[in-house]
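Enquirer: 160 is the number that the numbering used here gives to position 45 of the sequence shown; each next residue is one higher, with no gaps.
Accuracy of the hints is not assured; some may be wrong.
[Unchecked claim] Derived DEER-like restraints, expressed as beta-carbon distance ranges:
| no. | residue 1 | residue 2 | range |
| --- | --- | --- | --- |
| 1 | T211 | G153 | 37 to 45 Å |
| 2 | S213 | G153 | 34 to 42 Å |
| 3 | A167 | R145 | 15 to 23 Å |
| 4 | C195 | R145 | 16 to 24 Å |
| 5 | H189 | F143 | 29 to 37 Å |
| 6 | S200 | P166 | 28 to 36 Å |
| 7 | V214 | Q154 | 33 to 41 Å |
| 8 | N151 | S209 | 32 to 40 Å |
| 9 | I180 | S201 | 17 to 25 Å |
| 10 | C195 | S165 | 17 to 25 Å |
| 11 | V214 | N151 | 34 to 42 Å |
| 12 | F186 | R150 | 14 to 22 Å |
| 13 | T211 | R150 | 17 to 25 Å |
| 14 | S213 | Q154 | 17 to 25 Å |
FYI, nobody ran anything at the bench for these hints, they're computed from the structure. For glycine and all other residues, C-beta sits at the position ideal for the given N, C-alpha and C.
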Amino acid sequence: VYTTEPGGIPGNDDYAGSSTYLIGSPSFDRITIRRNNGQCTLKIIVHDNSPANIYVKSVLLNGKILSTFPFIDHVNDLRCSTGLSSVQLEFFMSSTFSVNE
116 VYTTEPGGIP
126 GNDDYAGSST
136 YLIGSPSFDR
146 ITIRRNNGQC
156 TLKIIVHDNS
166 PANIYVKSVL
176 LNGKILSTFP
186 FIDHVNDLRC
196 STGLSSVQLE
206 FFMSSTFSVN
216 E
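Please work from the sequences and hints to get the whole structure.
Expert: Okay, structure coming up:
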């Protein structure tokens, strides 16, 4: 039964948000986002960024290859845990499309 209440649509647990984001081509070379009242930072660094390099070749999350590429789960991947005050994403761009196998 559908209602206008927050739980009115079965399976609607995100209230129009998304817990997973599709990685696209960044329009900046570097950005730092401060979260949780400045207690946690998200640093995004883009290597080989140019108008010709529109494809994301690979992504590192805290120095390790992002195994879920091209998806990032913001709850699991982008949160600062105990002893971790910063999360870093590094994008490596390319002018050619390739499928990582």
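Enquirer: Does each hint fit the structure? Answer for all of them.
Expert: Going through the hints against the structure:
| no. | hint | verdict |
| --- | --- | --- |
| 1 | T211 to G153: 37 to 45 Å | 39 Å, holds |
| 2 | S213 to G153: 34 to 42 Å | 38 Å, holds |
| 3 | A167 to R145: 15 to 23 Å | 19 Å, holds |
| 4 | C195 to R145: 16 to 24 Å | 19 Å, holds |
| 5 | H189 to F143: 29 to 37 Å | 19 Å, violated |
| 6 | S200 to P166: 28 to 36 Å | 34 Å, holds |
| 7 | V214 to Q154: 33 to 41 Å | 38 Å, holds |
| 8 | N151 to S209: 32 to 40 Å | 33 Å, holds |
| 9 | I180 to S201: 17 to 25 Å | 19 Å, holds |
| 10 | C195 to S165: 17 to 25 Å | 31 Å, violated |
| 11 | V214 to N151: 34 to 42 Å | 36 Å, holds |
| 12 | F186 to R150: 14 to 22 Å | 20 Å, holds |
| 13 | T211 to R150: 17 to 25 Å | 34 Å, violated |
| 14 | S213 to Q154: 17 to 25 Å | 38 Å, violated |
Checked against the numbered hints above, the structure breaks hints 5, 10, 13 and 14 and satisfies the rest.
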